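Participant: Using the sequences and the hints given, assemble the complete structure.
2 protein chains.
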Amino acid sequence: MERILSNQNSRVKSWAKLATRKGRQENRTYLLDGWHLVQEAIKASAKFHAVMATSEQMEAHLADVPHGVPAFEISAEVAKHIAGTNTPQGIFAEISLPEKTFDPSYVFDGMWLLLDQIQDPGNVGTLIRTADAAGFKGVVLGEGTADAFSPKVVRAMQGSQFHLEVLQGDLSHWVDSLATNGLPVYGSELNPAAQPFQEIMPVEKFALILGNEGQGMQAQLAEKTSANFYIPLAGQAESLNVAVAGGILMFHLALGN
Amino acid sequence: MERILSNQNSRVKSWAKLATRKGRQENRTYLLDGWHLVQEAIKASAKFHAVMATSEQMEAHLADVPHGVPAFEISAEVAKHIAGTNTPQGIFAEISLPEKTFDPSYVFDGMWLLLDQIQDPGNVGTLIRTADAAGFKGVVLGEGTADAFSPKVVRAMQGSQFHLEVLQGDLSHWVDSLATNGLPVYGSELNPAAQPFQEIMPVEKFALILGNEGQGMQAQLAEKTSANFYIPLAGQAESLNVAVAGGILMFHLALGN
Numbered sequence: 001m002e003r004i005l006s007n008q009n010s011r012v013k014s015w016a017k018l019a020t021r022k023g024r025q026e027n028r029t030y031l032l033d034g035w036h037l038v039q040e041a042i043k044a045s046a047k048f049h050a051v052m053a054t055s056e057q058m059e060a061h062l063a064d065v066p067h068g069v070p071a072f073e074i075s076a077e078v079a080k081h082i083a084g085t086n087t088p089q090g091i092f093a094e095i096s097l098p099e100k101t102f103d104p105s106y107v108f109d110g111m112w113l114l115l116d117q118i119q120d121p122g123n124v125g126t127l128i129r130t131a132d133a134a135g136f137k138g139v140v141l142g143e144g145t146a147d148a149f150s151p152k153v154v155r156a157m158q159g160s161q162f163h164l165e166v167l168q169g170d171l172s173h174w175v176d177s178l179a180t181n182g183l184p185v186y187g188s189e190l191n192p193a194a195q196p197f198q199e200i201m202p203v204e205k206f207a208l209i210l211g212n213e214g215q216g217m218q219a220q221l222a223e224k225t226s227a228n229f230y231i232p233l234a235g236q237a238e239s240l241n242v243a244v245a246g247g248i249l250m251f252h253l254a255l256g257n
Numbered sequence: 001m002e003r004i005l006s007n008q009n010s011r012v013k014s015w016a017k018l019a020t021r022k023g024r025q026e027n028r029t030y031l032l033d034g035w036h037l038v039q040e041a042i043k044a045s046a047k048f049h050a051v052m053a054t055s056e057q058m059e060a061h062l063a064d065v066p067h068g069v070p071a072f073e074i075s076a077e078v079a080k081h082i083a084g085t086n087t088p089q090g091i092f093a094e095i096s097l098p099e100k101t102f103d104p105s106y107v108f109d110g111m112w113l114l115l116d117q118i119q120d121p122g123n124v125g126t127l128i129r130t131a132d133a134a135g136f137k138g139v140v141l142g143e144g145t146a147d148a149f150s151p152k153v154v155r156a157m158q159g160s161q162f163h164l165e166v167l168q169g170d171l172s173h174w175v176d177s178l179a180t181n182g183l184p185v186y187g188s189e190l191n192p193a194a195q196p197f198q199e200i201m202p203v204e205k206f207a208l209i210l211g212n213e214g215q216g217m218q219a220q221l222a223e224k225t226s227a228n229f230y231i232p233l234a235g236q237a238e239s240l241n242v243a244v245a246g247g248i249l250m251f252h253l254a255l256g257n
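From first to last, the protein sequence lines are chains A and B.
For the first sequence, the tail end lands on 257 under UniProt numbering, and the numbers increase by one without skipping.
For the second sequence, the tail end lands on 257 under UniProt numbering, and the numbers increase by one without skipping.
Worth flagging that the hints you see were computed from the coordinates, not collected in a lab.
Keep in mind that this is a model prediction, so the values were computed, not measured.
Keep in mind that a hint or two might mislead.
[Unchecked claim] Simulated coverage check for chain B against chain A, where a stretch passes if three residues somewhere in it have a Cβ under 8 Å from a Cβ of chain A:
1. 16 to 25
2. 224 to 237
3. 240 to 254
For each residue, glycine too, the CB sits at the ideal point set by N, CA and C.
Facilitator: Shown next, in the form of structure tokens:
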């Protein structure tokens, strides 16, 4: 097995570049950090390009890595460099980005979450994890939403990208297609002129749009929805964190499923 | 007005120390970063020790700062140093930590959130903000929970510390006192042997305990509760983020309030 001890090694440089969107687009791959995620990728039969681990981690896990995957032993220094953090677990994988094209014209059922310009990577990852937990079929990231395969989003998703569809898409096209196919599309607003969410009964198939942390959903999307609702606030806080609001709405709407 | 241009200035050094728990405990003060929080503190009549702002921010806001508060003009460099981030807004305040002692023996009503060893500052801050939004009366941080006045928690609270009680406390003592005073105390577990949360009806007064991100609530607390419940998950995610779980539970229980 090749041992890599220097951050100047060309492979290390290319792994470190996967922290950027440009690097991921050029290679069509992204990084998993930690055994939990690597294990989820193995279970999901993801396409592996490499496994990199410190000697300790390699010893603990090499037997579980699929045959034929190139394995590299790395130093603790290299592990920190790839992770971009000071305390990585010491095991990584480089796997393919999902290559799926997905046409919403063929979506006739399931629960779907549409993210409109949500910028914080932690929020995006937590929302995908929550959609998975609530039994959603997929999450569609519109233009302006944080990239789903950046290190911070990947950390917050905790492997949920292997359990549901995580897609880029034109939200306007998605909303039109789902509405044509008979799925109600719900928007969420900060505006108390909208409907309190408790008035919407759980349904089997639908789409829910969540909007930007500060500005909310784009007006052009709000106009296309079947209903727009808000979460009534009893206290003095002006708003909820978007991931918390999403959790409340998803678990309310999905309750019947 | 004194102008401060160097990070070596003794005042700057003491403000930077407020990023640590030790620094805050020694001074009995903490920092607010950004006009939104400073404004919330003014509205709440917090005890100000200083306002620090770049010339631009000072010009925009000095008129709104209470009379008699020492004001310091700082350079952009000093602002970054105090903030510990690269893009601060450029206005800060140093205010007193809440000095309140709070005896749960005298708590007979309201909704209370008890945080047991929740470590991530973003989760703690978001939970306090969510409790505020749901109309809770206070949040009690048990031993091992992230300090409520660290910069990351303060950022995530978004000023909610001025709207409800944010207290340190011995959770075991709180649970005993509230139960004696007739408030049901609900625990949350990851364990599906607990009760699904939908079976608990909204009530007017109660306490809700949320536990550590990985381990959940301490067993010694779980034994003292009126009921322990969990959020049934339909998908493959193993768990929810604790702030999302807290949001779902708080808004379910508080619905009647």
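Participant: Work down the list of hints and note, for each, if the structure agrees.
Facilitator: Against the structure, the hints come out as follows:
Against chain A, the stretch 16 to 25 of chain B contributes 0 residues with a C-beta closer than 8 Å to a partner C-beta. That does not satisfy the three-residue criterion, and the hint is violated. With 6 residues bearing a CB less than 8 Å from a CB of chain A, the stretch 224 to 237 of chain B meets the requirement of three and the coverage assertion stands. Requiring three or more residues with a Cβ within less than 8 Å of a Cβ of chain A, the coverage given for the stretch 240 to 254 of chain B holds, as 10 such residues are present.
The structure does not agree with numbered hint 1 stated previously, though it agrees with all others.
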